[in-house]
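As given, the protein sequences belong to chains A and B, one line each in that order.
The numbering of the first sequence is numbering that gives the first Met the number 0, which starts it at 0 and goes up by one.
The numbering of the second sequence is numbering that gives the first Met the number 0, which starts it at 0 and goes up by one.
If you're looking for bench data, these hints aren't it; they were derived computationally from the structure.
Keep in mind that a hint or two might mislead.
[Stated by the list, open to error] For lysine-lysine, the following DSS-like pairs were computed, each having C-alpha atoms within a straight-line distance of at most 30 angstroms: (1) A:69 / B:14; (2) B:105 / B:14; (3) B:169 / B:69; (4) B:14 / A:7; (5) B:105 / B:138; (6) B:69 / B:14.
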Amino acid sequence: MIGTYFRKMTATTQSPPRVSLAEICWSWLGGFLGIAAVAYLNYGWLDATGLLLIIGSFGASAVLIYGAIKSPLAQPRNLLGGHVLSALIGVTAFNLLAPHLWLAAALAVATSIALMHATKTLHPPGGATALIAVIGGPQVTNLGYLYALMPVGAGALIMLAVALLVNNLAPRRRYPEFWW
Amino acid sequence: MPDNVKDFPTGIDLKDEDIYEAMQGIPGYLDITSGDFKELYSLAYRRALERLSRAVTAAEIMTTDVVAVKPGTPVAEVAAAMGRRGVSGVPVVNAGHKVVGVISEKDFLSRMGVKEPRNFMSLVAGCLLTKGCVALPIKRALAADLMTSPAVTVAPDTPVRDIAALLTQKGINRVAVTDPAGRLLGLVCRGDIVKATMGRGAS
């Protein structure tokens, strides 16, 4: 019994193959343009207003929607649904549990994973979005539920638009696999 | 990969290298391991087989060119007909073409004094151990005397999967396919099922 348990920690298969150089270049271009769009708008236009358009979890989304575009985790439903639902969970956890931030943080991430599973919107960066809602400091927590709309919803939409435009420029790429 | 999947026949012996190379042939990053793919493929293959065997019905695979005998046919004629056609069993139908029984080699063997009639070899053994023909006890018998009755029958829309289960469960080799009134439409034997599986599975 114990043996079986530890045997499960040994691997059963191998890592998937490395992608081609062309694929690497397209992933780089998508990541660059996607983050450039939200970062430029954030720093160029919103800095003075106290509003935000970029959060750390978008870096993780970029890996998926420009680097692993066939993945179910990278599809529009998951990108938008995962971020927005997780943001709502994060803000709620903060509102209910602050100043016990350790508990709010853990509940926010765990609950957002569960909710994304239940709604078929699993998107790993969503966990970061929920966490940032708790640990992001006054600049984030002062937004309240607006956080789910902006930066999270609006930023994810811009990233999605870039993914649709750039990924489909590549002759051997096609995005998305499914919309909803 | 769970053990129940690892050993499941996938139709072909799919190697990890095959999957790995196939993945290299698809541009873009696939976030699935070859192990996961194999598991998925095995399960999908099993489902496809089940779906196909569920979908095919008795009517599609039955033999319609069937020799049927009457209850009053002498067994000598029955045996001759079976020999001519190279079949090991025939349905017995009455005047209204309704199936009243089936006669198989087993029915002959069990009435010819062969104890524990398992197959033709037990008859040969019986022949070699006694004087005279072991068929003598049934020389004057009629089909009605030998047949197994009532016959096991199925409707034309019975799935092949269910027929296979029926044959195994009853330890028989063929079933008569009948219309709702019990009239003979055809015969499904084990060979028909094997042929149907080959035709569908291979394509």
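How the hints compare with the structure:
{"no.": "1", "hint": "A:69 / B:14", "verdict": "holds, 24 angstroms"}
{"no.": "2", "hint": "B:105 / B:14", "verdict": "violated, 45 angstroms"}
{"no.": "3", "hint": "B:169 / B:69", "verdict": "holds, 24 angstroms"}
{"no.": "4", "hint": "B:14 / A:7", "verdict": "holds, 22 angstroms"}
{"no.": "5", "hint": "B:105 / B:138", "verdict": "holds, 16 angstroms"}
{"no.": "6", "hint": "B:69 / B:14", "verdict": "violated, 56 angstroms"}
Hint violations for this structure: numbers 2, 6, all remaining hints satisfied.
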